[in-house]
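Student: In case you want the letters, here they are:
There are 2 protein chains.
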Amino acid sequence: MMEKRSHCPFVFALDLIGDKWSLIILRDIILMNKKFYKDFSNSGEGISTNILADRLAKLECAKIIFKKRDSVDKKRFIYSPTEKGLDLIPMMLEMVLWSARYDKKSAISADILKLIKKDPDNFMENIKNRFR
Amino acid sequence: MMEKRSHCPFVFALDLIGDKWSLIILRDIILMNKKFYKDFSNSGEGISTNILADRLAKLECAKIIFKKRDSVDKKRFIYSPTEKGLDLIPMMLEMVLWSARYDKKSAISADILKLIKKDPDNFMENIKNRFR
Chain A
1 MMEKRSHCPF VFALDLIGDK WSLIILRDII LMNKKFYKDF SNSGEGISTN
51 ILADRLAKLE CAKIIFKKRD SVDKKRFIYS PTEKGLDLIP MMLEMVLWSA
101 RYDKKSAISA DILKLIKKDP DNFMENIKNR FR
Chain B
133 MMEKRSHCPF VFALDLIGDK WSLIILRDII LMNKKFYKDF SNSGEGISTN
183 ILADRLAKLE CAKIIFKKRD SVDKKRFIYS PTEKGLDLIP MMLEMVLWSA
233 RYDKKSAISA DILKLIKKDP DNFMENIKNR FR
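Line by line, the protein sequences give chains A and B.
Quick note on our numbering: the first sequence kicks off at 1 and runs consecutively.
Quick note on our numbering: the second sequence kicks off at 133 and runs consecutively.
The hints are simulated quantities; they were obtained by calculation from the structure and are not laboratory data.
Only a predicted model underlies this, so the values are computations on that prediction, with no experimental measurement involved.
Be aware that a few hints might be false.
[Said to hold, decoys possible] Restricting the straight-line Cα-Cα distance to at most 27 Å, the calculated cross-link-like pairs of lysine-lysine (DSSO-like) are:
| hint | chain 1 | residue 1 | chain 2 | residue 2 |
| --- | --- | --- | --- | --- |
| 1 | B | K195 | A | K84 |
| 2 | A | K58 | B | K246 |
| 3 | A | K117 | A | K34 |
| 4 | B | K195 | A | K74 |
| 5 | B | K236 | B | K216 |
| 6 | A | K67 | B | K152 |
| 7 | A | K67 | B | K216 |
| 8 | A | K104 | B | K216 |
| 9 | A | K117 | B | K195 |
| 10 | A | K58 | A | K128 |
| 11 | B | K246 | A | K20 |
[Claimed, not checked] Just so you have them, the derived chain A footprint on chain B, three or more residues with Cβ under 8 Å:
| hint | region |
| --- | --- |
| 12 | 149-157 |
| 13 | 203-215 |
| 14 | 219-226 |
By construction, the Cβ of each residue, glycine as well, lies at the ideal position given by its N, Cα and C atoms.
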């Protein structure tokens, strides 16, 4: 692993989010509205607890997500995206569109796909508004 | 590592390109116009030869890039993106824009940034035309 921070405008993002698990956690938080550690660990992709804890800490350190104590159940934290995290939505939607295009068995619903394609800005705003 | 192919429209892309080195190789081929194995191994990020060979094979297997023998120097191959690979440009440009926004020391030139923001479709077409 490189320790030096690259300022190549491509590698900068990769150093922060360029691994599969970080992006799966961001999908869960931003696109799937999951909030709690337990939700992420039950995501179906089988993330191990040590990787999950490591990636959550890294994403928090990079100010892409933040956590606060749940007022209902004080033993747990609620994880949310920051504005910096929400600004990853355009990239994430491009990944979704690419997958929908090239995966013949894509699980995306035709309705969602239509919504993204028809008015991507509106689709993004609706996601962002959930966190404001 | 998961062996089963996911059809989640997000994880599908991640399984194919969700690691830093695959994306650095795609940056080299698509955005930086590099063609040869030697160019990738000299990229500055310090990719090891075994990872480079592995990721090139995986990207080829996923039909994101292809190689053909160089007619000038028959000992080497020319690596190029397929249409499926070129269709990753929108996602890659969103990563560049995000990095430019959040990396205070971003190495991207103001001129390039202006070109991408002003007319992203035209910027993409110009890249694609280099490979056609």
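Student: Check whether the Cα positions of K117/A and K195/B lie no farther apart than 27 Å.
Tutor: Within the cut-off at roughly 24 Å; holds.
Student: Does K216/B sit within 27 Å of K236/B, going by the straight-line distance between their CA atoms?
Tutor: violated, 32 Å
Student: Are at least 3 residues of the region 203-215 of chain B within less than 8 Å of chain A when you compare beta carbons?
Tutor: Violated: only 0 residues of the region 203-215 of chain B have a Cβ under 8 Å from chain A.
Student: Hint check: K117/A vs K34/A, CA-CA at most 27 Å. Holds or violated?
Tutor: Distance of about 24 Å is within 27 Å: holds.
Student: Count the residues of the region 219-226 of chain B whose CB lies closer than 8 Å to any CB of chain A, then report whether that count reaches three.
Tutor: holds (count 6)
Student: Does the structure keep K104/A and K216/B at a Cα separation of 27 Å or less?
Tutor: holds, 13 Å
Student: Does K20/A sit within 27 Å of K246/B, going by the straight-line distance between their CA atoms?
Tutor: Violated, at about 30 Å.
Student: For the pair supplied as a hint, K195/B and K74/A, confirm whether the alpha-carbon distance does not exceed 27 Å.
Tutor: violated, 49 Å
Student: Hint check: K67/A vs K216/B, CA-CA at most 27 Å. Holds or violated?
Tutor: violated, 38 Å
Student: Between the region 149-157 of chain B and chain A, see if three or more residues pass the 8 Å beta-carbon test, and mark the coverage as holds or violated.
Tutor: holds (count 5)
Student: Verify the proposed pairing of K195/B with K84/A, using a straight-line Cα cut of 27 Å.
Tutor: Violated, because 32 Å separates the two Cα atoms, which is more than 27 Å.
Student: For the pair supplied as a hint, K58/A and K246/B, is the alpha-carbon distance within the 27 Å limit?
Tutor: Given that 27 Å is the threshold and the Cα spacing comes to 31 Å, the pair is violated.
The structure shown violates the earlier hints numbered 1, 2, 4, 5, 7, 11 and 13.
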